[in-house]
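S.K.: Please dock the two separately framed chains into a single complex, following the hints provided.
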Amino acid sequence: MKLLKRIWHWIDDRSGLSEIFLPLIKHPVPPGSKWSYVFGSATLFCLILQIITGVALALLYQPSSSGAYQSLKFITDRAAFGSVLRGIHYFGASGMIIMVGVHMMRVYITAAYKYPREMGWITGVILLFLTIAMGFTGQLLRWDSNGVWSSVVAAEQLGRIPLIGKPLARLLLGGDTIGGHSLSRFFAYHVFIIPAIIFLFLGYHIMLVFRNGISEPTKAGRLLDPKTYRQWYKDMLKKVGVPFWPYAGWRDLIFGAATIIAIIILAVVVGPPKLTQPPDPSMVYSQPKPDWYMLSIFSLFALMPPRIESYMIVIGPLLTILLLLALPFVSNKGERSPRRRPWAVFGSVCVVIFVFSLFLEGERASWSPRFKTKPLRAAQINSQDTTVISGAALFYKKGCLYCHKVNGSGGLNGPDLSHVALRLSPDQMTIRIVNGGDNMPAYGGMISNEQMQQILTFLKSCR
Amino acid sequence: MNETQENQTRRSFLVKLSTGLAAISAVIAAVPVLSSFFAPLLEKTPVQWRPVGDLSKFTVGDTMLVQFENADPETWAGVTAHTAAWLRRDTEKSFTAFSANCTHLGCPIRWEKDAQLFMCPCHGGVYYKDGSVAAGPPPKSLVKYKVRINKNQVEIQTSPVPITTISA
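Note that the protein sequences, when read in sequence, are chains A and B. Going by my numbering, the first sequence runs without a break in its numbering and finishes at 463. Going by my numbering, the second sequence runs without a break in its numbering and finishes at 1168.
Just chain B, same shape as in the assembly (with noise of 0.2 Å):
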């Protein structure tokens, strides 16, 4: 091997070296700041079960809104924090939860009381009061929430924004 070749040799080995070099630092800085981008998909909401009224403050047949926090408050939340349901006292002993998102669009939807109907203000969705489409664009009825009974308190179990897939 003459001079030259060596040197070529050299050459093409040191670009690879810092080519590989610097290939293996944007790596491990990539590591980080894709993990923070990707952080919602990473960590595990937990489910908790929220206290939402005593048994005594619903009645029978009557459908209300109710207020609660979602599973993972952060302490920086404010107001977002809050999530809500339409909950109605089914029998003495047992309730029913509604999300309040349209499965349409997740917009919020209303009871009206009267009419016996739940409402979207976005695009026209009604739905019967067991939650069954009766008129307008949802795909699918809405989405129902876990209600128990502990210790005279009516508590629901925190889900996240039902998000309607295309399979629906």
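Chain A on its own, in the form it takes in the complex (with noise of 0.2 Å):
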């Protein structure tokens, strides 16, 4: 035992663990440091365990442009334990946008990016959005149908930028088009590009917190003033100040731990995302949908007018970072409560709705045209009239069926038809068919009187 404290002693001494390591883990935080201070850490416990399972990964994955969705069936199908370390990639990628998300809106709602976290702030949303490019590389790298035809969703985006939209598009897939330099690409900015500059923003992220102290929990009416500050902080921290370990660093352990172990049980239980076909740009029976993660600036896309579309692929995103980027500037000082600063939490909670009602949509699609539709059963028509059941035939045939309900089947971009004859008249039916609309192909010069006499019958039989 002595001999082992020997050993250990000569090499704290020469290798200044304690000397270093100490001093960060037992320093001093404000006490009352509860439940709302961890997700920070959880998201660096996401952080590492993405790092664990990519290096695991990247021992089974061909980075090639020929040989990844090979590899990655591989990875799924019969290497050991291939199909749970994906799912923790995966789950491990959701969680760390969940846990930086929540962690910026309790930043954001308890006002902790105020004097001297300015710094704070910046580089955490420098952080957020890496995590999201991280994301969205990684779902590049499932190389199927979804991820080839994603990487031209993200090319087209870029290509919006003015003067040098088309260029970086170019560099994005490493060329003109999909090819044998895309993946090696997405692969070089997934595994060594975007981490390096992770790194370099949460190490000074984290050196920040421990240089500024975590920011103590509010109190109504204890107004921050910059000229004090620093000296109330370190003078509260000497008064009532507790050891970061173990006093506030169980709570961050356990809930690190919890959400590890939720990961690892999603992964096991729900598994992977499914490959779809594999990354042929030819095969284009093949319907692209983000992760969810994206899905809300999927949906964004679908919703937004037309005419101001292309100009907000590029002012959006620059607005939104330029806004999150001023926050500290615009105010630094005051007041820090949620409850003296309502404005705030009605916002943050605005944001959430937003974004979940966005996901929501996305999810649905309503604006994606079923293709998968089955033609109307007799049992969906209701009559035995065989112009009604022609016009039904055609009906289908036309496509109408891909974005108009009726009875139960279709589509959900148009309006539902199943008692369309109820609310317009034939003769409007016929406007709308003949003319078309915002959302719907004007099909005057595409079918034939006949046809549309046995369409219009049909319309006229939904009540």
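Since the hints were derived computationally from the structure, they do not count as laboratory data. Where is the CB? At the ideal position from N, CA and C, for every residue including glycine.
Here are the computed lysine-lysine pairs in the DSS-like style, where the Cα-Cα straight-line distance is at most 30 Å: (1) B/K1140 - A/K397; (2) B/K1140 - A/K372; (3) B/K1057 - A/K372; (4) A/K397 - B/K1129; (5) B/K1140 - A/K405; (6) B/K1144 - A/K397; (7) A/K374 - B/K1113; (8) A/K166 - B/K1129; (9) A/K166 - B/K1044; (10) B/K1057 - B/K1093.
Listed next, with one range per pair, are the computed distances between beta-carbon atoms: (11) B/K1146 - A/A133: 33 to 39 Å; (12) B/F1038 - A/T320: 24 to 30 Å; (13) A/P162 - B/V1031: 26 to 32 Å; (14) A/G444 - B/V1060: 20 to 26 Å.
M.R.: Have a look at this one:
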């Protein structure tokens, strides 16, 4: 035992482990830093999990345009615990995005971005967008048909940036088209370039947490004054501060461990995202859809008025980043308590509702034609009239059912036509079919009079 | 100049020299690094004519999906070197080839033969048979590729993925 102690003392003396890390572990924190403070460290736990599972995946994954899909199939179907590994990496990414979002929301609601923690907020905003970039490039590395088309969608969005859009799109794809260089670049972005920037900013972010201390729990009416704050904080820590470990850190550890256990359970029970078709850009019968954390943006592109969309693709993200970065410069002192900052709470709730509603809309994807819709069955047509029956068949063949629902079948893009005869006259229906509308093609030149009569007869039977 | 001043001048010169040398070595090392990053902008992709089938394969009035290799297929590209277009035989001697990418966000459009429409699965973009926008968010018509008939073979000229710019 004595020998072991002597060995440890030698290692500790020469390596400086205790000297370097003990002050960090034992640094004083304000009392009352409870469960709302655990989300930053949970993000860090998720990141560590992502690094470890990412390295494990890299041992099995082939980062080449031709081999990636097959290696993913190998990882999923044949490698020992490969499916679970992919699942952990996928749910780990989801966990990291959720945790970073909640952490940011907590910092905003409790105004922890105010003096002297402005740089902590700014680096946090950068880290948020880097995390999303990691999520997106990770989705591209799932090199199936969805990955290929998602990279084209990303290139199209970059293309909207004035002047440099096309070169940026070309840089992303690694050329004029998807090809041999595409996946190598996505791999380099996801595994080297973005993580390197993350480590840089994360190191600085954590260093700032130690330098400025974690923000004390808020108290209504206690105003933050930049002139006196640092001294006040120092005195407060001296008087009532508690060592981070174990008095505050145990919560971080428990919550972080619970998060990781939840991620592993999801990976085992739900499994990784299914691979779609091979990454062949000539296979056009594909329905690309982003992972859940990009679904809100996917919805926004569908719901935005087309006239402003190209501009909003550029201005929207730019404005969001600028507003977030500007926040600590707009307000960096005064009240921090959410009780006295009702608009901050209201704004946060609105953002959550907005993003969540867009997510639900994205899940529904009402704007997408339902190509898998089957022709209407006899029970749905509910008529023995041969013209009605042939009208219903034509309604399907002309693609109307992809967008309109009739008696439980069909798409959601257009109005439900199950009872259309009760609200539109035959003349009104004719005008709409011939001329189309915002979201409907004009069928005037594409169907004969006879076909029009058949469709009208069918629609008139929809009561 | 006394000894201290001389030392100062020497030190100052050495600081400038070492900083300068470090900067030069960084710049020299950065050239190949940055050129690998910007390689796609430095290289010009060749334009190729790709055969997509014998003339007799296409019926006048029909629109077909044709698959061919892109202009610069690397040996390690695998199936990602493939690309596609929608090809219509307008008359005995003329064809129109449409890009398979929606002009909204590049998703793969499909031809609905009975409806005589191109439809996009992503955000509901719809195009008429001439490629003009029929409904949904696409800001412009489908991009057309050049087609020619060469010794009874129909050939399509390879093109970049059509990127819609903000001015579209």
